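**Student:** Counting in full-length UniProt numbering, the sequence shown runs from 1 upward without gaps.
Quick caveat, the hints were computed from the structure, so don't treat them as lab data.
Treat each hint with caution, since some may be false.
What the hints assert, rightly or not - Using 20 Å as the maximum straight-line C-alpha spacing, the simulated DMTMM-like pairs for lysine to aspartate or glutamate come out as follows:
#, residue 1, residue 2
1, K22, D62
2, K26, D62
3, K22, E134
4, K26, D128
5, K21, E140
All of these numbers come straight from a predicted model, not from anything done at the bench.
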Amino acid sequence: MTMSNGPLPSQLCLLPDLALKKEGDKVRFLGCVTAYSSVSGILTLQHHHQTQDSPCVAALVDVTLVLRTLKSDQVRIGEWVNVIGYVTTVTPSPARKGSMRESEPFQARVHTQVRIRALLLWSSGPLDTQRYDESVHALESCPSMTAPNSASKNGQ
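Please work from the sequences and hints to get the whole structure.
**Tutor:** Here it is in structure tokens:
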């Protein structure tokens, strides 16, 4: 058995999959800025290319730990940013009848809010979000991308 001297690595996931995470999980994800409150230090991120069947999730990212390095373009509405941080709360909202209509604004369809405490945040730059989603799904299905402690639990 080997001991690690550093922090656990973050789990790469798509923003809608944050709803499946639990408090304390360290995650890395990409999202589009839809709101920022300088008073509360909360950056709201969403993923507008979710399908009608996928969960509508908003990440409420507490950026107080990264305020010194945060740039104005990283909180601009429409900017895509990468985040590494810890899940602090997952709050499902009651679904409203008919709230999954494609024509309805995305904000109105959100039914899960995930609070994240950001450790690191950076702009994504030019990005093909569909290709990014496909790449993350491919990594998730790769057998070598299993949990870091799974091999050590089996004595391997």
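**Student:** Each hint needs a verdict: does it hold in this structure or not?
**Tutor:** Now for the hints, and whether the structure bears them out:
no.	hint	in the structure
1	K22 x D62	holds (17 Å)
2	K26 x D62	holds (14 Å)
3	K22 x E134	violated (24 Å)
4	K26 x D128	violated (25 Å)
5	K21 x E140	holds (14 Å)
Hints 3 and 4 from the list above are not met by this structure, while the remaining hints are.
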